[in-house]
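Heads up, the sequence shown stops at 1171 in my numbering, and the numbers go up one at a time, no gaps.
Just so you know, not all the hints are guaranteed correct.
[As the list claims (entries may be wrong)] Once the Cα atoms are required to be at most 27 Å apart in a straight line, the calculated BS3-like pairs of lysine-lysine come out as:
| id | residue 1 | residue 2 |
| --- | --- | --- |
| 1 | LYS998 | LYS1162 |
| 2 | LYS1162 | LYS1107 |
| 3 | LYS998 | LYS1105 |
| 4 | LYS998 | LYS1108 |
| 5 | LYS1107 | LYS998 |
| 6 | LYS1105 | LYS1001 |
| 7 | LYS1162 | LYS1108 |
| 8 | LYS1105 | LYS1162 |
| 9 | LYS1001 | LYS1162 |
Keep in mind that the hints were calculated from the coordinates and are not lab data.
Nothing here was measured: the structure is a model prediction, and the numbers come from that model.
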Amino acid sequence: MEFTVGMALVDYIPVICFAIGAVILMRDLYNKMSKGAFALFAGGTIMITIAGALKATWKLLYAAGVCNFEALNNMFFPTQSIGFLLAGVGILAMLVYNQKEDSKLRSVPPVFSGTFVFVGFMVAGLGLIDAILCILAAKLKKPALIAVFVLSFICSLCMGYLSSKDFTEASMNWIAEGVNVVGQGSFLAGAYLLHKNGLAELELK
């Protein structure tokens, strides 16, 4: 695999962008969520961040010639996918359920070793997160922010597609990292602009 240390370090950028964006959203949405919904959203975003950080660390160790720590690479996809699902369910619960009652977390483990279930988790969770953030942008009368979250969603879908490609070549890694930086950078920008435009004070009902 054609990894360089510089390429590995760039891989941390989208992780940091997502983590900052998630923290901004958690702070603004905390008073709108039940304890259960917030636990799902926070836990999911933490899993997503950890998965990304471990994948970047695997790439850095590989590029630096330290070792090929395969476990860090292998756990990325299932951990991140389940994280997106949990975060998506949590933010959906904020709008759908009575927030005076905690939502219940139900775990349905996959019964086969393929990755399709994880793709479904990721798309479903990510779709819920971006769709509801678009709804919040509309409630704040900032429709232009919808385009930001749509861009973030499209870039994330592209990452799903790119993950099926051959990453032994440096060019594919740079393309994937570029798409990921744009996607998570858009997520961070959208979260920050929602915050600046009064998300924390928004009354949902």
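Evaluated hints:
no., hint, result
1, LYS998 x LYS1162, "17 Å, holds"
2, LYS1162 x LYS1107, "13 Å, holds"
3, LYS998 x LYS1105, "14 Å, holds"
4, LYS998 x LYS1108, "19 Å, holds"
5, LYS1107 x LYS998, "19 Å, holds"
6, LYS1105 x LYS1001, "23 Å, holds"
7, LYS1162 x LYS1108, "11 Å, holds"
8, LYS1105 x LYS1162, "14 Å, holds"
9, LYS1001 x LYS1162, "25 Å, holds"
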